[in-house]
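Residue numbers (the working numbering), protein chains in the order written: chain C, 1 to 309; chain B, 310 to 386.
Hint data in this document are derived by calculation from the structure and do not stem from the laboratory. This one's a predicted model, so the numbers in the text were calculated from it and none came from an experiment. Treat the hints with care, as some may be off.
Unchecked claim - What follows is a set of in silico ranges between Cβ atoms, one per label pair, in the way DEER data are often shown:
hint, chain 1, residue 1, chain 2, residue 2, range
1, C, ASN113, B, VAL332, 29 to 39 Å
2, C, PRO204, B, THR324, 36 to 46 Å
3, C, ALA114, B, GLY326, 26 to 36 Å
4, C, PHE258, B, GLY343, 41 to 51 Å
5, B, GLY343, C, ARG110, 35 to 45 Å
6, B, VAL384, C, ARG103, 49 to 59 Å
7, C, ASN163, B, VAL384, 21 to 31 Å
8, C, LEU257, B, THR324, 21 to 31 Å
9, B, THR324, C, PHE161, 29 to 39 Å
10, B, VAL332, C, PHE258, 17 to 27 Å
11, C, ILE170, B, THR324, 19 to 29 Å
12, B, GLY320, C, PRO205, 44 to 54 Å
13, B, THR324, C, ALA191, 25 to 35 Å
14, C, THR75, B, LEU315, 31 to 41 Å
Using N, Cα and C, we set each Cβ at its ideal position, and we do this for glycine too.
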Amino acid sequence: MSTAIHTLGYWRIHDGQVRRRALLVRKRLRPYDLRETLLSTPAIPLLLAASEGEGEFHAPTVADFFPPAIFFEGTPFEFNRIMLVRVIAAVVLLTIFCLAARRARLVPGRFQNAVEMILDFVRNSIAVEVLGEVNGRKYFRLLATIFCTVLFMNITSVVPFLNIAGTSVIGLPIVLAAWTYVMYLGAGVKAQGVGGFLRSSLFPPGVPKVLYLLLTPIEFLQVFVLRPATLVIRLLANMVAGHLMLAICFTATSYFLFDSDGAMKLFGAGTFVAGAAFFFFEIFVAALQAYVFAILTAVYLNMSIEAEH
Amino acid sequence: MDVTTLAEVTGNIGTVGYGLAAVGPGIGLGILIGKTIEGMARQPEVAGQLRTTMFIGIAFVEVLALLGLVAGFIVPA
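Bound-form chain C, shown alone (with noise of 0.2 Å):
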């Protein structure tokens, strides 16, 4: 009875439908009941492996994203491959600037002076020059935390054996937009207090009054809805239509080298380009979105502490 409870729970997650139904069918389950499903978790690849057929295309879907779990499965605590991948950009990320602190030197190695540039690029090209030289060095420090997060999280998606970016499922990036949200609403309300910060974002001035009839409702859903929700859809669609084209690429590779015949291999030559240039492209959009999410966190601020704008 428990495993076929289990068994559904998993196919839920498997063909891509709600994640929550699964982990609510799951809680059900009795502590004496984890040992069997722990060990069903064996043979469920072997289950995949007998669900597909040879020699058929099989295109990615979003099941990439909900992998099944490797501990503590069954728990609320669950963790996958794709927590495993965020904890290795995390550690990683950690390791480089603890190091590129410990060994700080006036004159900077090859090491130190590419961890500055980074963080140079950030205090420059984003936070001065959006904020301005007093706010952009008092921003600084969570400017900087949120592009080098975005970056590690981003960039695992082109590492081998990674292969999947670690915003690529909704936690992360709403996770860093709601810091954001906390973070501009404070400013405001900071700079301005409640009423002046309300005043100021809800009724832009210089706007003949009628038209605040349509503008406030819009600005209101803009300040307070849209701004975090675009922030959490841009980064997430972007890693997830990332990942996507290159899953696609280099499987069609795959089919057409190994199981189609005669001149249909000479695909798989095209499909390899087009999947070695989105890998590329895959480089350069982990690095803008990254960037992306930095200067609007910095606009945003900024339009929070500026009265009128």
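For chain C, the structure is supplied; the task is to place chain B on it using the hints.
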């Protein structure tokens, strides 16, 4: 009575929806980047500022196309 099928298309109509969703942002990006290049050519000394503003604009336009992509996953087939 037999119905003769002359042409048949299979797949998800969501892909067509995404195609439509990409038209507007595509035109928008074209205008946005083209105008920025024009501005840079006229006044190379403000190129940095123009580039920053362009990327902010791109971020707003791009999200429209990405909403089209996400909608395909959210709305069940």
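How the hints compare with the structure:
1. ASN113(C) <-> VAL332(B): 29 to 39 Å: 45 Å, violated
2. PRO204(C) <-> THR324(B): 36 to 46 Å: Once the Cβ atoms are compared, 39 Å apart, the range 36 to 46 Å for THR324(B) and PRO204(C) holds.
3. ALA114(C) <-> GLY326(B): 26 to 36 Å: Since the Cβ atoms of ALA114(C) and GLY326(B) sit about 43 Å apart, the hinted range of 26 to 36 Å is violated.
4. PHE258(C) <-> GLY343(B): 41 to 51 Å: 44 Å, holds
5. GLY343(B) <-> ARG110(C): 35 to 45 Å: Distance hint for GLY343(B), ARG110(C) holds at roughly 39 Å.
6. VAL384(B) <-> ARG103(C): 49 to 59 Å: Given range 49 to 59 Å: holds, Cβ gap about 52 Å.
7. ASN163(C) <-> VAL384(B): 21 to 31 Å: 28 Å, holds
8. LEU257(C) <-> THR324(B): 21 to 31 Å: Once the Cβ atoms are compared, 26 Å apart, the range 21 to 31 Å for THR324(B) and LEU257(C) holds.
9. THR324(B) <-> PHE161(C): 29 to 39 Å: Cβ of THR324(B) to Cβ of PHE161(C): about 31 Å, so the range 29 to 39 Å holds.
10. VAL332(B) <-> PHE258(C): 17 to 27 Å: 37 Å, violated
11. ILE170(C) <-> THR324(B): 19 to 29 Å: With a Cβ separation near 22 Å, ILE170(C) and THR324(B) satisfy 19 to 29 Å, so the hint holds.
12. GLY320(B) <-> PRO205(C): 44 to 54 Å: 51 Å, holds
13. THR324(B) <-> ALA191(C): 25 to 35 Å: At 46 Å between Cβs, range violated.
14. THR75(C) <-> LEU315(B): 31 to 41 Å: 55 Å, violated
Against the hints set out earlier in the document, violations occur for numbers 1, 3, 10, 13, 14.
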